[in-house]
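Got chain A sorted already, so can you dock chain B onto it with the hints?
Letter by letter, the chains look like this.
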Amino acid sequence: MSIDALDAPAKRSRPGMKPTDISNPDYFHKVVDCQWACPAHTPVPEYIRLIAAGRYADAYMVNWKSNVFPGVLGRTCDRPCEPACRRGRVEAEPVAICRLKRVAADNKGDILDRLPKPATTKNGKRIALIGGGPASLTVARDLLPLGYHVVIYDQDPAAGGMMRTQIPKFRLPEKVLDEEVGFITDLQPELRMGKRVDSLKAVLAEGFDAVFVGCGAPRGRNLEIPGREEAKANVHIGIDWLSSVSFGHVDKIGKRVIVLGGGNTAMDCCRTSRRLGGDDVKVVVRSGFEEMKASPWEKEDSMREGIPIHNFLVPKEFTHKAGKLTGVMFEKVKAEFDAKGKRSLVPSGEPDVHFECDDVLVAVGQENAFPWIERDVGIEFDKWGMPKVDEVTYQSSNPRVFFGGDAAFGPKNIIWAVAHGHGAAISIDQFVHGKPVGDRPPPLVNLLSQKMGIHEWSYDNDIANDLRYKVPHLPNEVALKDVKAEVELGFDRELGYKETQRCLNCDVQTVFQAKLCIECDACVDICPLDCITFTENGEEAELRTRLTAPAKNGTQDLYVGDGLKTGRVMVKDEDLCLHCGFCAERCPTGAWDMQRFLLETAQAGEKCQSR
Amino acid sequence: MTYLAKPKFRHPSLEKNERGFTRRDYEGSISTLCAGCGHDSISAAIIQACFELNIEPHRIAKMSGIGCSSKTPDYFLGQSHGFNSVHGRMPSVLTGANLANKNLIYLGVSGDGDSASIGLGQFVHCVRRGVNMTYITENNGVYGLTKGQFSATADRGSKSKAGGTNTDSPIDLVSMALLAGATFVGRSFSGDKPQLVPLIKAALSHSGPAFIDVISPCVAFNNHAGSTKSFDFVRDHNDAVNRLDFFEGREEIVTDYKPGTVQDVEQHDGSIIRLHKIADSYDPTNKVAAMNYLATHHEKGEVVTGLLYLDPNPKDMHQLLRTIDVPLNRLGVKDLCPGSKALETINDEYR
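Read top to bottom, the protein sequences are chains A and B.
Under my numbering, think of the first position of the first sequence as 1, with each following residue one higher.
Under my numbering, think of the first position of the second sequence as 612, with each following residue one higher.
Any given hint could be a false lead.
Unchecked claim - Pairs of lysine-lysine, DSS-like flavour, derived with a Cα cap of 27 angstroms:
hint, chain 1, residue 1, chain 2, residue 2
1, B, Lys617, A, Lys451
2, B, Lys888, A, Lys565
3, A, Lys388, A, Lys125
4, A, Lys565, B, Lys911
5, A, Lys65, A, Lys412
6, A, Lys552, B, Lys617
7, A, Lys498, B, Lys617
8, A, Lys30, B, Lys617
9, B, Lys770, A, Lys565
10, A, Lys552, B, Lys619
11, B, Lys619, A, Lys470
12, A, Lys293, A, Lys484
13, B, Lys619, A, Lys498
14, A, Lys232, A, Lys282
15, A, Lys552, B, Lys627
16, B, Lys619, A, Lys451
17, B, Lys772, A, Lys565
18, B, Lys770, A, Lys515
19, B, Lys772, A, Lys515
To be verified - Partial list, computed: chain A residues near chain B (C-beta under 8 angstroms):
hint, residue
20, Ile463
21, Cys520
22, Asp530
23, Ala549
If you're looking for bench data, these hints aren't it; they were derived computationally from the structure.
Since we're looking at a predicted model, the values are computed, not measured.
Beta carbons: idealized from backbone N, C-alpha and C, even for Gly.
Just chain A, with the same shape it has in the complex (with noise of 0.2 angstroms):
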C-alpha cells in the first residue's frame, strides 16, 4: 500500500471519472460480454440457465426469437461469443456456448405451438427477397407475421442458401435444417425457387414496396495459374463442389485429394472428400498454420480426420500429362515482416515442392457478384463492386432497395446475416410505412433483483470449476463412411448440464448504490478476483493502476459509483468479476444487488416501435 493513500480521507470527491451511468442499457449489455459480441445480440447467459433447470423448449425459444436457426448455428456458428465469453479470462477455456444452443435444439421436443402463425391479416405490402439464405429468412420471419406478402427467389430448388448448399450434411443433419427453414415457410412466403434472378430492374418493375438483397456471396474464386485449363477436369471450384455433393450430382472423387485454401470451406472441401473415396487428402495453403482463416475447431476436426495441414507453400503450376491432372507444383515461401510489423510471404529460396494427386479443390475464397443488377437502378457501388449499404439501415442508395447478409459487406457468417436480416426488417416496416429508417425502436431491457433471502439468490451463484467438457464424435471409422452422418453427437443432457454450469451468469449484474454504503470494506474483502476498490476518484488511465488488482484490459469497463460520506468513489473492474454475488450476500446494508439485466433487440412490428 503507497503512503499516499494513507492520507485521512477527504470528505468531497475529488475531480476524476464520472459515476457510471447503468441506465443507459449499453452499459450492462458490455457486462455479457457473449451477447455484446454476438451479432444477433441472443441473451446467452438466459438460455444457458433455462437449459441446465431443463427448460430445453424455453432455452430454444430465447434463441429462436433472437437468431432464427439455433439448431443450425448450434452446429456451425463461427461463435464469436466465445473468444468473448469472461470464462475465457478467469481459467483456460470458454463456456461452449454453441453447443449448449445445439443441446437446447436437439431437446425442444414439440415447440409448433409456440410459433408464430400465418398473419390472418395481411397489410397489403409486398416485399421480394432475393436469395433464400439466412438473412433473407430472417427478414421473412421477421415481416410475415406482420401481415406483408413476402417473395422469396432462389436459384435452388429449396431454401436455406448457403446452409444447404455449402455446409456439408456431416456437418448439419438436413433434417435440422429442413425443421427451422420449415418453420419460416410456414409463415407462407410466396417461394420462387429453382430460377436464378437475372435482372433487378425485372424485379423492381413488379412493383414490390420493397427488395431485399440476400443473395450471398456466390462466386468461388478461381486460381489463374498455368496448366489450369489443361487439367479443368480435376480442378473443381470449392463452393461449386460442395453444392454439387449436397444436391447429389457428385458422389465420389478421386484417391488423392488437394484442398487449395484455408479457410471454413477449405476444411468442409477436404472432410467432404474424406467422405467421398479420398484416402490421401491434403490442405494445402500459403499462409502459416496460425494465420488460416478457419476457425481452430475446425482445422482440429479435419486433422483428427487423418487430414494434414502443409503451410507456408504457394500454387505455382497445375502438372498434368496427356490432358490429365497429375499434382500441383508449390513454391516455398516464408513470412518476413516489416518495420510495421506488417506481413508478406517472400520466397525462401528452398527447391519447389510437387504434390501427386487426382483432384484439386480450390478454395481460396469467395466473391461477391452483381452481374444481375444493372447499373442503372440507382444503386451506387464502390470501387470493388460492392454495393454501398448504411451499415445501420442496411439500406443502400436505391431507397427501396435493402442489402443483407454476405451480399452486403462481403463473405462472414450465418448469424451476420440474421443480424442483418433482423436490423432490414425493422427498416423495411419503417420504409414502407413512410417513416424514416434511421428512426431505429430501442432494445426491451428488464433489470430486476435476484434476492430471494440473506444468501439465497434466483439464480445459482455456486462457481463450478470445471474445466470445459468435450463433445463427443462419432468414430472416424464410422463418420469417414457416410457423407450423411453427423460427426458431432453433441452434448447428452448430463453432459451439457455440467457444462452450463460454467457460466459465470455475466447478466446477473452488480447494482451498487453508494447512498446505502457504509464502507465497511466487506465487498472488498471477500472479493475472489479483486474487483473492488474504494478510492480517490482520479482520471481513468490513472485510477486503473492503484485498484486493489490492477485493471489492465482497457476494453472492460470501470463501474464508478459516487456519493460515498468519505468523499471516496466505489470502483469496480468489470473485467474479471465472476457475478458470484459475494459482494451482496456480505454486504450489510444492501448496497450492492444482484440483479438480472436482460436484454432483448428489438425486431420490426409495432409492438417494437411503440415501446
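Frame of chain A, contents of chain B only:
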C-alpha cells in the same frame, strides 16, 4: 454471510511473495460472522500483513478465547497452528505455548468481552510478563453474540441499539496495556486498512508484548447514531497521531520526506518503522507523554489512533527468565530429568 466457499479462481495478476505464496494462500475458511462485520476486515488485514511479511504459515500460532472476535482465527491463516481456548483464558494458553516453543510467532486474537471483562486479569498479567506476542483486540463495545449488551469498553453516555444509555466508566485497554508494560501499543480502526496493515506488520516483528486495540464496528448491534464505536463516529472523531510504513531490515529505504515530518525507529530485529507524523508534538517513544495525550484526547471525545508507544529494544519473557536458547519443547528426557545427582546439587544450594 455466505454458506458457499469462496471460489478458487483468483486474479491472474495476484502476486506471490518471497515464499511463493499468494495473499489468498493466507486465507482461512469462509466467515460465518454477520455481513459487514468489522472483524472480517481485521482478518483481511492480518492476511495482508502476513503475506507482505513473507511469513510461512506454519510459523504462526493463532490463539483466541470466546466471542465473535475469537471465532475469526478460523477465517484467516488456514494453514497455521491454532488454539481456541476457554473464555478469557487465551493469554494463559498463549503464555504456556510461548514458554514451550519460543520459535513460533504468537498471535492472540481477542475481543472486548474476552479481554476487558472475563479475561481482564489474564490480559494484564500476560502483558506484564513480557510475553513475545501480538495481541489484537477486536473492540466493538458490545456483546454481539448475546444481542448487543454494553461491554466493558463502551463509553459512558453511549447509546445501545435498544435505546439504553451506558452509565459505567469504560475500560481503556490501550492505557491498561501501557500501564502493564507493553512495549508496543497501537490503536486502529477496522475500516482503515492503510493504517492497520503496517501496524500489524510492525507488531508481528516486535520482539516483546505488542498490543493493538482495533475499533471494529458491530454492524448488527453497534453501528447506530449515539454509538461511539460506529463507522461514522470513528471516522468523524479519528485523531490519528501518525501513520506508518514498515520495512523489513534488508529492504532499501528511500527517503524523500521533509525533515521533521518523518521519524524512523529501528526495532531490535533490524526492521524499521517509519512514522509519518500527523500530530506534530507526538513522540511515541515517550510513555508518560503518550499516556497524557491519550487521557487528554479521550476527554475531548476523540479516538486516538496510530502507533502510540514503542520501546524499540524490549526484553521478553524468555530473556527475563533467562531460559536457554533451545525451545523447551525440543529438550529430551536427559535434559529435563538430569538425575538424582543433579537434584542433590540443586538442593545443596538451598541448605
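Evaluation of the provided hints:
no., hint, result
1, B:Lys617 to A:Lys451, "19 angstroms, holds"
2, B:Lys888 to A:Lys565, "25 angstroms, holds"
3, A:Lys388 to A:Lys125, "25 angstroms, holds"
4, A:Lys565 to B:Lys911, "23 angstroms, holds"
5, A:Lys65 to A:Lys412, "21 angstroms, holds"
6, A:Lys552 to B:Lys617, "24 angstroms, holds"
7, A:Lys498 to B:Lys617, "20 angstroms, holds"
8, A:Lys30 to B:Lys617, "26 angstroms, holds"
9, B:Lys770 to A:Lys565, "22 angstroms, holds"
10, A:Lys552 to B:Lys619, "21 angstroms, holds"
11, B:Lys619 to A:Lys470, "22 angstroms, holds"
12, A:Lys293 to A:Lys484, "25 angstroms, holds"
13, B:Lys619 to A:Lys498, "18 angstroms, holds"
14, A:Lys232 to A:Lys282, "19 angstroms, holds"
15, A:Lys552 to B:Lys627, "18 angstroms, holds"
16, B:Lys619 to A:Lys451, "24 angstroms, holds"
17, B:Lys772 to A:Lys565, "22 angstroms, holds"
18, B:Lys770 to A:Lys515, "24 angstroms, holds"
19, B:Lys772 to A:Lys515, "21 angstroms, holds"
20, Ile463, "4 angstroms, holds"
21, Cys520, "4 angstroms, holds"
22, Asp530, "5 angstroms, holds"
23, Ala549, "4 angstroms, holds"
The earlier numbered hints are all upheld by this structure, with none contradicted.
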